[in-house]
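Produce the entire structure from the sequences given, and follow the hints as far as they go.
For what it's worth, the numbering used here labels the leading residue of the sequence shown as 1, then goes sequentially.
Accuracy of the hints is not assured; some may be wrong.
Computed spacing ranges between beta-carbons, pair by pair [unchecked claim]: (1) Gly-65 with Tyr-136: 28 to 38 Å; (2) Lys-78 with Lys-110: 12 to 22 Å; (3) Ser-53 with His-97: 20 to 30 Å; (4) Leu-44 with Ser-79: 21 to 31 Å.
Pairs of lysine-lysine, DSSO-like flavour, derived with a Cα cap of 30 Å [stated by the list, open to error]: (5) Lys-241 with Lys-272; (6) Lys-107 with Lys-51; (7) Lys-110 with Lys-78; (8) Lys-63 with Lys-107; (9) Lys-212 with Lys-78; (10) Lys-56 with Lys-140; (11) Lys-140 with Lys-295; (12) Lys-140 with Lys-188; (13) Lys-295 with Lys-188; (14) Lys-63 with Lys-106; (15) Lys-76 with Lys-56; (16) Lys-188 with Lys-106; (17) Lys-101 with Lys-188; (18) Lys-106 with Lys-179; (19) Lys-51 with Lys-38; (20) Lys-110 with Lys-140; (21) Lys-107 with Lys-78; (22) Lys-110 with Lys-194; (23) Lys-188 with Lys-214; (24) Lys-106 with Lys-76; (25) Lys-214 with Lys-244; (26) Lys-194 with Lys-295; (27) Lys-107 with Lys-140.
Everything labelled a hint here was simulated from the structure, so no lab data went into it.
Cβ atoms here follow ideal geometry from the backbone N, Cα and C, with glycine treated the same way.
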Amino acid sequence: MIAQLYRKALPSSFRDKIYQLFLSKILFFVRNFDAHFKGTLYYLFGWMMPKTSLAKAYAFIGKHGITSYPGEYSLKYKSIPIEVFIDDANGLPYVLHNGHKLYFPKKYSKEKVSINYRTLIIEQDIEAAHRYVVSYDELKNRTLFDIGSAEGIFSLDTIEYVDHVYLFECEEYWIDALKATFAPWIHKVTIIRKYVGDTNNDNFVTIDELMKDKSIDNLFLKMDIEGAEQFALRGAMNVLKNGKNIQLAVCVYHRDEDPSVISSTLQNIGYKTEFTNGYIYWGRRLSKAVVRCIK
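Dropping the structure here:
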């Protein structure tokens, strides 16, 4: 009732200004109150509590506020200047990443590119919970499956190491950016515009189906697909069970049960698993971020 009166009494433009000025901050605080409360307790009284990585993550939130990356490593990226360019040939924005052009969708503003890129380099810091590998040397002479590639930064970081890359991306606005980023390596990059799952049709493909006539040895599977990781693994069981020298980095923070279900699924078929250090704050909770697996 109050919400209905509020919407009727005030024009939408005025409501938007109220939301931007302070209502969004209030709602954010309320929605994340549990993390704020625990973070404050751990920050103020941490000397009384067990010295665990979870405690450190909460204490970081208590000191610095809510962040997806509650670790000291993230602070060094706050002041790094990020220059965004526009490619005259294709109109796409890009940044220079380790000497290579990393492109973004044409609809992205320079500010959005800067924010997005800063998040990406925080995620792949060597100390970050979201880091896929300890060393990029792990990708040498492998075929990489970048499942949920988006801008493809992980593939770009490893492109000189791998034999071939399959980029799985269905969002149309990423395709031109991916083609531009990987144009220098077109001979070793394949873009697959399907979702990876446990069925095969016009929109989905399984890893088993994709690899049925190819070598299934020396693969690296990186999965970051918004909670669909369990389905993708089910569709890769033949490859995972029978392939040699296979390594995985699977995101496990999208759903509550993913850390235990995904790690046990892979352990049951002979893989050694370990979670990355630290935590990520996602879905109003702290969670393990990535499980690394090798057979």
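Each hint, compared with the structure:
{"no.": "1", "hint": "Gly-65 with Tyr-136: 28 to 38 Å", "result": "holds, 32 Å"}
{"no.": "2", "hint": "Lys-78 with Lys-110: 12 to 22 Å", "result": "holds, 18 Å"}
{"no.": "3", "hint": "Ser-53 with His-97: 20 to 30 Å", "result": "holds, 29 Å"}
{"no.": "4", "hint": "Leu-44 with Ser-79: 21 to 31 Å", "result": "holds, 27 Å"}
{"no.": "5", "hint": "Lys-241 with Lys-272", "result": "holds, 13 Å"}
{"no.": "6", "hint": "Lys-107 with Lys-51", "result": "violated, 45 Å"}
{"no.": "7", "hint": "Lys-110 with Lys-78", "result": "holds, 17 Å"}
{"no.": "8", "hint": "Lys-63 with Lys-107", "result": "violated, 35 Å"}
{"no.": "9", "hint": "Lys-212 with Lys-78", "result": "violated, 46 Å"}
{"no.": "10", "hint": "Lys-56 with Lys-140", "result": "violated, 34 Å"}
{"no.": "11", "hint": "Lys-140 with Lys-295", "result": "holds, 16 Å"}
{"no.": "12", "hint": "Lys-140 with Lys-188", "result": "holds, 14 Å"}
{"no.": "13", "hint": "Lys-295 with Lys-188", "result": "holds, 25 Å"}
{"no.": "14", "hint": "Lys-63 with Lys-106", "result": "violated, 37 Å"}
{"no.": "15", "hint": "Lys-76 with Lys-56", "result": "holds, 17 Å"}
{"no.": "16", "hint": "Lys-188 with Lys-106", "result": "holds, 25 Å"}
{"no.": "17", "hint": "Lys-101 with Lys-188", "result": "holds, 17 Å"}
{"no.": "18", "hint": "Lys-106 with Lys-179", "result": "holds, 13 Å"}
{"no.": "19", "hint": "Lys-51 with Lys-38", "result": "holds, 15 Å"}
{"no.": "20", "hint": "Lys-110 with Lys-140", "result": "violated, 34 Å"}
{"no.": "21", "hint": "Lys-107 with Lys-78", "result": "holds, 24 Å"}
{"no.": "22", "hint": "Lys-110 with Lys-194", "result": "holds, 28 Å"}
{"no.": "23", "hint": "Lys-188 with Lys-214", "result": "holds, 15 Å"}
{"no.": "24", "hint": "Lys-106 with Lys-76", "result": "holds, 29 Å"}
{"no.": "25", "hint": "Lys-214 with Lys-244", "result": "holds, 13 Å"}
{"no.": "26", "hint": "Lys-194 with Lys-295", "result": "holds, 27 Å"}
{"no.": "27", "hint": "Lys-107 with Lys-140", "result": "violated, 35 Å"}
In summary, the numbered hints that this structure violates are 6, 8, 9, 10, 14, 20 and 27.
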